[in-house]
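Take a look at the letters that make up each chain.
There are 2 protein chains.
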Amino acid sequence: MSRNFSVAVAGATGAVGVEMLKVLEERKFPVSSVKLLASSRSVGKKMMFRGEQLTVEELKPDSFNGVDIALFSAGASVSKEFRKSVVDSGAVMIDNSSAFRMEKDVPLVVPEVNPEDVKNHHGVIANPNCSTIIMLVAVAPLHKAFRLKRMVASTYQAASGAGAKGMNELVVQTGQILRNEQIAPEVFAHRIAFNLIPHIDVFNENGYTKEELKMLNETRKMLHDDSIMVSCTCVRVPVMRAHSESLNLEFACPVTPDDVRRVLSGAPGVKLVDEPSAKRYPMPVDASGQWDVLAGRIRQDISRNDGCGIDMFVSGDQVLKGAALNAVQIAELVALM
Amino acid sequence: MSRNFSVAVAGATGAVGVEMLKVLEERKFPVSSVKLLASSRSVGKKMMFRGEQLTVEELKPDSFNGVDIALFSAGASVSKEFRKSVVDSGAVMIDNSSAFRMEKDVPLVVPEVNPEDVKNHHGVIANPNCSTIIMLVAVAPLHKAFRLKRMVASTYQAASGAGAKGMNELVVQTGQILRNEQIAPEVFAHRIAFNLIPHIDVFNENGYTKEELKMLNETRKMLHDDSIMVSCTCVRVPVMRAHSESLNLEFACPVTPDDVRRVLSGAPGVKLVDEPSAKRYPMPVDASGQWDVLAGRIRQDISRNDGCGIDMFVSGDQVLKGAALNAVQIAELVALM
Numbered sequence: 001m002s003r004n005f006s007v008a009v010a011g012a013t014g015a016v017g018v019e020m021l022k023v024l025e026e027r028k029f030p031v032s033s034v035k036l037l038a039s040s041r042s043v044g045k046k047m048m049f050r051g052e053q054l055t056v057e058e059l060k061p062d063s064f065n066g067v068d069i070a071l072f073s074a075g076a077s078v079s080k081e082f083r084k085s086v087v088d089s090g091a092v093m094i095d096n097s098s099a100f101r102m103e104k105d106v107p108l109v110v111p112e113v114n115p116e117d118v119k120n121h122h123g124v125i126a127n128p129n130c131s132t133i134i135m136l137v138a139v140a141p142l143h144k145a146f147r148l149k150r151m152v153a154s155t156y157q158a159a160s161g162a163g164a165k166g167m168n169e170l171v172v173q174t175g176q177i178l179r180n181e182q183i184a185p186e187v188f189a190h191r192i193a194f195n196l197i198p199h200i201d202v203f204n205e206n207g208y209t210k211e212e213l214k215m216l217n218e219t220r221k222m223l224h225d226d227s228i229m230v231s232c233t234c235v236r237v238p239v240m241r242a243h244s245e246s247l248n249l250e251f252a253c254p255v256t257p258d259d260v261r262r263v264l265s266g267a268p269g270v271k272l273v274d275e276p277s278a279k280r281y282p283m284p285v286d287a288s289g290q291w292d293v294l295a296g297r298i299r300q301d302i303s304r305n306d307g308c309g310i311d312m313f314v315s316g317d318q319v320l321k322g323a324a325l326n327a328v329q330i331a332e333l334v335a336l337m
Numbered sequence: 001m002s003r004n005f006s007v008a009v010a011g012a013t014g015a016v017g018v019e020m021l022k023v024l025e026e027r028k029f030p031v032s033s034v035k036l037l038a039s040s041r042s043v044g045k046k047m048m049f050r051g052e053q054l055t056v057e058e059l060k061p062d063s064f065n066g067v068d069i070a071l072f073s074a075g076a077s078v079s080k081e082f083r084k085s086v087v088d089s090g091a092v093m094i095d096n097s098s099a100f101r102m103e104k105d106v107p108l109v110v111p112e113v114n115p116e117d118v119k120n121h122h123g124v125i126a127n128p129n130c131s132t133i134i135m136l137v138a139v140a141p142l143h144k145a146f147r148l149k150r151m152v153a154s155t156y157q158a159a160s161g162a163g164a165k166g167m168n169e170l171v172v173q174t175g176q177i178l179r180n181e182q183i184a185p186e187v188f189a190h191r192i193a194f195n196l197i198p199h200i201d202v203f204n205e206n207g208y209t210k211e212e213l214k215m216l217n218e219t220r221k222m223l224h225d226d227s228i229m230v231s232c233t234c235v236r237v238p239v240m241r242a243h244s245e246s247l248n249l250e251f252a253c254p255v256t257p258d259d260v261r262r263v264l265s266g267a268p269g270v271k272l273v274d275e276p277s278a279k280r281y282p283m284p285v286d287a288s289g290q291w292d293v294l295a296g297r298i299r300q301d302i303s304r305n306d307g308c309g310i311d312m313f314v315s316g317d318q319v320l321k322g323a324a325l326n327a328v329q330i331a332e333l334v335a336l337m
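Protein chains in written order, with the numbering used here: chain Z, 1 to 337; chain V, 1 to 337.
No lab work stands behind these hints, which were simulated from the structure alone. Check the hints yourself; a few may be wrong.
Covered stretches of chain V, going by a simulated chain Z footprint (3 or more residues, C-beta under 8 Å) [claimed, not checked]:
no.	segment
1	193–203
2	245–259
3	279–288
4	294–304
The following label-pair restraints were derived from C-beta to C-beta distances [claimed, not checked]:
no.	chain 1	residue 1	chain 2	residue 2	range
5	Z	S77	V	Q176	39 to 45 Å
6	V	R262	Z	S40	52 to 58 Å
7	Z	S40	V	E275	37 to 43 Å
8	Z	N180	V	D225	44 to 50 Å
Okay, derived cross-link-like pairs now, SDA-like style, lysine to any residue, Cα gap no bigger than 25 Å in a straight line [unchecked claim]:
no.	chain 1	residue 1	chain 2	residue 2
9	V	K279	Z	E205
10	Z	K165	V	Q176
11	V	K149	V	K210
Virtual Cβ for every residue (Gly too), placed ideally from N, Cα, C.
Chain Z with its partners taken away, still in its complex shape (with noise of 0.2 Å):
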């Protein structure tokens, strides 16, 4: 008889926190309880789980006793507060914030890309970024076909990777600029309706900002390999919540389209779609509430001799598989260990 779990959200009411409970009853994770957890002012906040309503509880440092596995969606100082009471409870902590990603003792999961790397924790497992994973569960198969060397890649990120309270600014600023009416932006640092912002996280001395390399380092790191160049291009759009982005790949050998339509139509967590004929390539609106990274747009890279290079277009859920389910699949990952 298999195991099951006691189970604890932490930022159980965040756009990602909602989810996560969705993705545990939707995968019938093994579970044998719930536990609600947020700041004080959701204490007391209903929530259903299988059909049973939960109410939501504070987060505390003796919270985690008894808890298996801590799914923690709360930002990165919280994470960081919460680490060892956590760890010391026993529990292991699948962490969605940056706080903990690029430390040594602390594995970096995609489940579709280095599984093995969960074996090695310490109490604590960090969920990558929401735009390196997406890209990564296209491009690692295909670094693992014809090893990448070189990807540049522009982002159009969705409002949601700022939360339920970007979704919503996006929501109402859009309103509000139909009307004409003045608007106010809060939480992002410009209008986003009907706008574009290059600008996410906080920019480093090199001029690239937090976000973009993110995206270089943990695909170093994921990959396992510190040879890969990666240069990035983030961007916000006022789209709700899949991200997408364009990547331009560069491969250690002559690469076709079709050669990377093959390895992508076997790749666990990716969907083909890739047909401009039919006018079929991945838009965020279909990625919206999937589980599956769409993958599309693939052509040799017209820029280079070699036929080492490759286009290619993505959309994934932002919440999902950026987030809430990537975790819930790395919870799977310790409950077989």
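Could you slot chain V onto chain Z? The hints should help.
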């Protein structure tokens, strides 16, 4: 005493036509008379020019008697239909469509990039593709300084690229989505509200769209350099009227971000907006209504070890610099001949 010119605007009631008229007025183009031409269904419409009410006339083969300069923005088939009438009448046709751009005897001109090419016209001068114009205003001065070898571009193209009806569809459909109503895409291949469509113009056999190939072919023609390699991914975004582009540039020699800023700060038609620490970078809301192309997010490409790479983000008004303004600037060059 300088000469005044009789100007005709074909497609006067379209998004670009309306702006052509405004730009002629704002730039004090030496006009002796203006003729507004459109299809029969717009005949009789009134439009203002320099405080004077003008009436739209039907575009016919004999419309160009006495006309010096004919600005065309009525689609490729209309341009093809009337080319002979315009040229036979002795007028110079400045055409905003893609009909003649790659013809050997038709100069393709961005006045900040290759003004000297205007001289070689045989009655027709072509206005380049909007994304190509916006890109080259910022990239051509860098090519002149450092020689561009290869460019990877991902675009974020506004609804205005599909004309007034494209902008209207974005506004109407966005309201419908916010009110949870049914939508029926007509102008764009799919829903554009809160979505992205990685498909502009038709697909070529090699998997690129015509729009993406224009950015390669028109760049080579205008820079007179067929060795430049370009790979583009063109994406429609829910933005009203300014195109943005994420550009990864490879030069023939090492180039620093300061080198790029120095060149661009003196480049005509470019406005450097590159102070990330003050949250200043190019955005479509800021580029809209401006004549200049905004350039920023300038940084050394960290995916190269040779120092020859630069990343940059640009935004430019698609209706103005991408179409109407560039056409009037070409007319200014013709007026000086």
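>> Need the status of pair K149/V, K210/V: alpha-carbon distance at most 25 Å?
In response: holds (22 Å)
> Count the residues of the segment 279–288 of chain V with a beta-carbon closer than 8 Å to any beta-carbon of chain Z: does the count reach three?
Replying inline: holds (count 6)
> Do at least three Cβ atoms from the segment 294–304 of chain V come closer than 8 Å to Cβ atoms of chain Z?
Replying inline: holds (count 9)
>> Between the alpha carbons of K279/V and E205/Z, is the straight-line distance 25 Å or under?
In response: holds (14 Å)
>> Three residues or more, CB to CB closer than 8 Å: is that satisfied between the segment 245–259 of chain V and chain Z?
In response: holds (count 3)
> Within 37 to 43 Å or not, the Cβ separation of S40/Z and E275/V?
Replying inline: Given a distance of about 39 Å, which is inside 37 to 43 Å, the answer is holds.
> When you take the CB atoms of N180/Z and D225/V, is the distance between them in 44 to 50 Å?
Replying inline: holds (47 Å)
>> Assuming the hint says 39 to 45 Å, is it satisfied by the Cβ distance from S77/Z to Q176/V or not?
In response: Because 40 Å falls inside the window, the suggested range holds.
> Would the pair K165/Z and Q176/V pass a check requiring their Cα atoms to be no farther apart than 25 Å?
Replying inline: holds (22 Å)
> Between R262/V and S40/Z, is the Cβ distance one that fits in 52 to 58 Å?
Replying inline: Because 54 Å falls inside the window, the suggested range holds.
>> Cut-off 8 Å, C-beta pairs, minimum 3 residues; does the coverage of the segment 193–203 of chain V by chain Z stand?
In response: Coverage by chain Z holds here, the residue count being 7 at a Cβ distance below 8 Å.
Violated hints: none; the structure is consistent with every hint.
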